[in-house]
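A.B. asks: For reference, the chains in residue letters:
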Amino acid sequence: MASLKRFSPLPGFGLAMGYTLLYLTLIVLIPLTAVGAKTLSLGWEAFWSAVSSPRVVASYQLSFGASLLAAGINVVFGLIFAWVLVRYRFPGKSLVDALVDLPFALPTAVAGIALATICAENGPVGELLKTFAIEVAYTPYGVLLALVFIGLPFVVRTVQPVLADLEREVEEAAAGLGAARWQTFLKVILPHITPALLTGFAMAFARAVGEYGSVIFIAGNVPMVSEITPLLIITKLEQYDYAGATAVASVMLVISFLLLLIINALQGWMQQRYTAEA
Amino acid sequence: MSGTITLKPGSLVRHETLSTREPAWVKGVLIGIALTFFAVFLLLPLATVFTEALRKGWGAYAAALLHPDARSAIMLTALVAVIAVPLNLVFGVAAAWAIAKFEFAGKRLLITLIDLPFSVSPVISGLIYVLMFGAQGWFGPWLQAHDIKIIFALPGIVLATIFVTFPFVARELIPLMEAQGSEEEEAAVVLGASGWQVFWHTTLPSIRWGLLYGVILCNARAMGEFGAVSVVSGHIRGMTNTLPLHVEILYNEYNYAAAFAVASLLALLAIVTLGLKTLVERQTRRQQQKKNELSGE
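As given, the protein sequences belong to chains A and B, one line each in that order.
Count along the first sequence from 1, add 492, and you get the number used in the working numbering.
Count along the second sequence from 1, add 21, and you get the number used in the working numbering.
Each statement offered as a hint is correct.
Calculated cross-link-like contacts (lysine-lysine; reagent style DSS-like; alpha-carbon spacing at most 30 Å):
no., chain 1, residue 1, chain 2, residue 2
1, B, 311, A, 585
2, B, 128, A, 497
3, B, 298, A, 585
4, B, 48, A, 679
5, B, 48, A, 585
6, B, 311, B, 298
7, B, 298, B, 312
8, A, 585, B, 312
Just so you know, the hints here were simulated from the structure itself, not pulled from any lab data.
Every value quoted in this text rests on a predicted model; they were computed, and no experiment measured them.
Let's have the full structure, built from the sequences with the hints guiding it.
C.D. replies: Right under this line is the structure:
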């Protein structure tokens, strides 16, 4: 390790690094390899039949489809939130700013039963939507709604600081050159915040794919219709189908790792972009 | 804004103000959308928790919280947080010290690995420990032979909680300590301070707000974790039920008032967390401003 490290007069590198690596290995790395090892021990036939059964494929479609859609909705509303919080003054602004993080702070089970109650047939939102003949509770729409709730802060909190740092002179210059306000937004502001928007999108998506607690109460968990993948893993575990649960989980893990790499690349892009300007 | 306007020739004023701001109706519509979304998606669920909790009156509310199962869930949740949060706190400080104060190969990879638990589904976070310590797991037979219970017992719940809250403190501290650099610490070393003295008297005071911030978020997640804990707990009432799991059981028994009463405790925790978070953020900003003034910006 010493040869990989550049000289520093500060003490404690060996101790801090050693402890970091030990703790990381014991808590995270070794347990995660258990999934890989178990999956490999299944053999290709058993693995493929576990991850390609119609019920599993339906759950992948729902989990990934609803997560993509939810992350997309979050980009739109997250941008509006970030914009309004950075640019305008209005009554209740500091309350809105503080409570945007509620989906982070509120335990998912609590969010789940609250959303399910609101969207139930006799709940306030459920009744309103019934007049439009939309049923949310116990349908894929319920899954979508819970995922929109859980993902909102990711977009707001990545876009908000970037928008706040945006120099007004650039917009003034665009305006001075005769650009209309919407042109300035589309051609100056939007390209500037695109890396932040994409990062927020990817983070919201990654969180939504794995989300469990806030979804299961509102989804009704009908197999082939509103059953998300994480729930299917738990169902298989409860039936002592450890092999099946692990196979399904390994597919999710691989996709999560890919997403993590993408998010890292996006953040690298953001850092480069925004520090180069500053 | 008025300052800039008076400097401009009169003919330009209208054009300038119009095109670096949105028309009033756009502004109104955007604020309207944000507030509506805020009311429906954030305020309404929060309010629902408390109104449903008190639907049957304060007597039923108190009874739900004083029930022996609820009390043991409260104790277990507190116990798990008391073990998991300090462990991740120590790890976070060690990791941030190594990463922020030294240059070494593979740093980015290490940061990515530390962030890993955030991108793993909570359900899988529980599953991995079942695969390790469960009856059919790697160490299952050995644990059974020695009569040690990890899965469906406290150690499993603690492990799953440590995993899901693993990055919180580290990821708050790493950027903060990187931004602060290490000149002050190097000066202290030159003046003859020992390693621990440098840490306690130089580093710790300047990272205390970031540290607090990370601990607050870590604690909120530790107490509220549901998916991961659900996999390893076994749902034994009065024994391995944490607060979120107790909420689920009551809700699935159609005992809604009691479920929301217990949920309201967790919602209060969330509100306190957000309040503290806002305070800490304000404090950090103030500290930053003071620093900027001192350095003459």
